[in-house]
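Required output: the full structure, derived from the provided sequences and hints.
Residue numbers (numbering that gives the first Met the number 0), protein chains in the order written: chain A, 0 to 251; chain B, 0 to 273.
Calculated directly from the structure, the hints in this document are not laboratory data.
Treat the hints loosely; a few may be bogus.
As the list claims (entries may be wrong) - The calculated BS3-like cross-link candidates involving lysine-lysine, where the alpha carbons are at most 30 Å apart (straight line), are:
| id | chain 1 | residue 1 | chain 2 | residue 2 |
| --- | --- | --- | --- | --- |
| 1 | A | LYS124 | B | LYS65 |
| 2 | A | LYS194 | B | LYS146 |
| 3 | B | LYS136 | A | LYS124 |
| 4 | B | LYS136 | B | LYS188 |
| 5 | B | LYS146 | B | LYS136 |
The lines below spell out each chain.
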Amino acid sequence: MTTATGYTADEMMTVAAAHALTSEMACFVGIGLPSTAANLACRTHAPGLWMIYESGTLGTRPDTLPLSIGDGVLAETADTVVSVPEVFNYWLQPGRIDVGFLGAAQIDRYANINTTVIGDYTDPKVRLPGAGGAPEIAASCREVVVVVRQSARTFVDRADFVTSVGHGRGAGERERLGLRGAGPTRVITDLGVLKPDPATRELTLVQLHAGVTVDDVRAATGWELAVSPELASTPEPTAEELSVLRSLTGRD
Amino acid sequence: MIVPLDEGVRELVGDGDTVALEGFTHLIPVAAGHEIIRQGRRDLTLVRMTPDIVYDQMIGAGCAAKLVFSWGGNPGVGSLHRFRDAIQYGWPRPLEIEEHSHAGMANRYVAGASGLPFAVLRGYAGTDLVDQTDTIKTIECPFTGEKLAAVPALNPDVSIVHAQRADREGNVQLWGITGIQKEAVLAAKRSLVTVEEIVDELDPVPGQVVLPARVVSAVAAVPGGSRPSYAHGYYARDNGAYQDWDAVSRDREEFSRWLAEGLGAQAPLPGKAG
Numbered sequence: 000m001t002t003a004t005g006y007t008a009d010e011m012m013t014v015a016a017a018h019a020l021t022s023e024m025a026c027f028v029g030i031g032l033p034s035t036a037a038n039l040a041c042r043t044h045a046p047g048l049w050m051i052y053e054s055g056t057l058g059t060r061p062d063t064l065p066l067s068i069g070d071g072v073l074a075e076t077a078d079t080v081v082s083v084p085e086v087f088n089y090w091l092q093p094g095r096i097d098v099g100f101l102g103a104a105q106i107d108r109y110a111n112i113n114t115t116v117i118g119d120y121t122d123p124k125v126r127l128p129g130a131g132g133a134p135e136i137a138a139s140c141r142e143v144v145v146v147v148r149q150s151a152r153t154f155v156d157r158a159d160f161v162t163s164v165g166h167g168r169g170a171g172e173r174e175r176l177g178l179r180g181a182g183p184t185r186v187i188t189d190l191g192v193l194k195p196d197p198a199t200r201e202l203t204l205v206q207l208h209a210g211v212t213v214d215d216v217r218a219a220t221g222w223e224l225a226v227s228p229e230l231a232s233t234p235e236p237t238a239e240e241l242s243v244l245r246s247l248t249g250r251d
Numbered sequence: 000m001i002v003p004l005d006e007g008v009r010e011l012v013g014d015g016d017t018v019a020l021e022g023f024t025h026l027i028p029v030a031a032g033h034e035i036i037r038q039g040r041r042d043l044t045l046v047r048m049t050p051d052i053v054y055d056q057m058i059g060a061g062c063a064a065k066l067v068f069s070w071g072g073n074p075g076v077g078s079l080h081r082f083r084d085a086i087q088y089g090w091p092r093p094l095e096i097e098e099h100s101h102a103g104m105a106n107r108y109v110a111g112a113s114g115l116p117f118a119v120l121r122g123y124a125g126t127d128l129v130d131q132t133d134t135i136k137t138i139e140c141p142f143t144g145e146k147l148a149a150v151p152a153l154n155p156d157v158s159i160v161h162a163q164r165a166d167r168e169g170n171v172q173l174w175g176i177t178g179i180q181k182e183a184v185l186a187a188k189r190s191l192v193t194v195e196e197i198v199d200e201l202d203p204v205p206g207q208v209v210l211p212a213r214v215v216s217a218v219a220a221v222p223g224g225s226r227p228s229y230a231h232g233y234y235a236r237d238n239g240a241y242q243d244w245d246a247v248s249r250d251r252e253e254f255s256r257w258l259a260e261g262l263g264a265q266a267p268l269p270g271k272a273g
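As structure tokens, this is what we get:
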């Protein structure tokens with residue numbers, strides 16, 4: 000759905016997510032929305048972005064958007080292709096990756112991510128695909144950016160299952176668990192941008208996309224959402240960004 | 000050494016075995032999985048990092064008693080409906096699961112290939128997987144005192160992979176995204192490799208992995224054997240087939256029809272375990 004602004008909420012989210020990446024970064028890319036945003040960043044303001052996918056493709060630069068984390072185009076355009084143990088043990092685990100770019104089925108007040116089950120683990124309402132690379136991406140990348148559409152079903156007070164640790168139950172928990180990365184530093188949605196509060200680590204609304212109100216975001220959040228006193232507006236996508244994004248997603 | 004696929008499966012895969020069909024999006028041994036379904040294997044413990052549609056088919060056909068995995072989905076499409084039906088409703092039979100992360104599974108294969116009882120990694124800390132999976136423990140580094148995760152070695156009875164080529168002696172060559180296949184084969188007691196073609200000489204290819212014949216129990220020539228996945232240098236991934244599977248797999252009857260007509264296999268008998 001294109002709004003009066005001339006772009007969709009998903010497009011706004013993808014462009015905002017792309018802005019989290021810079022040319023100097025090494026980025027561990029999850030499939031779906033994060034992959035679209037990373038590829039957009041590569042083709043616009045971050046041409047040097049070093050993208051790696053968990054299939055072992057390092058420094059890949061696909062000319063079309065991959066459907067899976069292991070499409071042939073990722074291998075063909077990579078600086079090198081390594082085995083799966085190598086990508087996790089030699090690249091992710093020692094902290095060589097600046098930013099992990101993840102999606103979520105559920106995300107909670109402290110940015111813990113669930114991609115395992117909705118409901119009870121042994122008697123699930125919905126069985127989801129599971130962890131994949133996410134738990135260690137969330138643990139070991141220097142920081143994590145989550146890209147996810149916002150709704151009260153997805154943004155819950157407490158995740159049904161913690162697949163990947165965000166900030167646990169608050170300040171100090173990552174340190175206590177021995178997690179070396181900073182964890183989620185930004186959650187980018189179709190409504191705005193949330194960041195963990197520096198003191199409590201609770202996700203706080205810091206940025207609104209054009210045409211979205213604080214009440215809209217509150218209605219799409221399953222807890223009493225804190226709003227930053229310095230609430231900012233997200234810059235709108237440029238014509239160039241939209242044109243590159245649409246060439247990637249096949250939407251004219 | 001070089002055998003027809005049906006003979007390879009008959010000799011190497013038995014009821015109740017722990018079987019790993021590996022392939023990380025690329026080179027998935029789909030034809031071998033279908034042959035296991037046709038031969039009606041039962042009570043298998045299926046192991047795979049990324050169970051996708053061929054495991055969905057094997058689970059739906061009633062081959063599996065247990066699944067050891069780290070990500071079960073239809074890549075780029077969504078959920079696996081036969082897998083979900085087995086977990087949520089026990090159809091066609093209940094499926095026990097042992098769930099890990101990719102890093103944990105990769106290290107379990109590495110330990111298996113290395114002749115070690117377990118592997119150590121920075122992983123799982125703070126996740127709910129620790130409470131659900133008996134094969135995740137915490138250990139203390141004897142040198143630094145640091146707390147780390149330990150996971151036991153995986154040593155499948157048989158690992159099955161697909162590769163681009165083998166020579167007549169059974170040396171196997173694969174390239175492109177080579178995933179976890181080398182570790183899966185080296186960790187296993189027996190192995191079966193299906194290949195696109197059998198050649199006189201394995202000409203070197205950049206980024207290749209070679210599995211020497213001495214660690215390969217049998218090779219079967221199965222051109223197109225990883226479709227609808229892909230074989231780098233031979234054919235592309237059939238993304239449409241992954242999308243189409245979603246509709247077929249949503250419905251038990253539709254799926255049973257696919258088994259009978261698409262595969263020439265017997266439909267699973269609901270309520271009967273195996």
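Worksheet item: Broken hints, numbered, in rising order?
Response: The structure conflicts with no hint, since it agrees with every one listed earlier.
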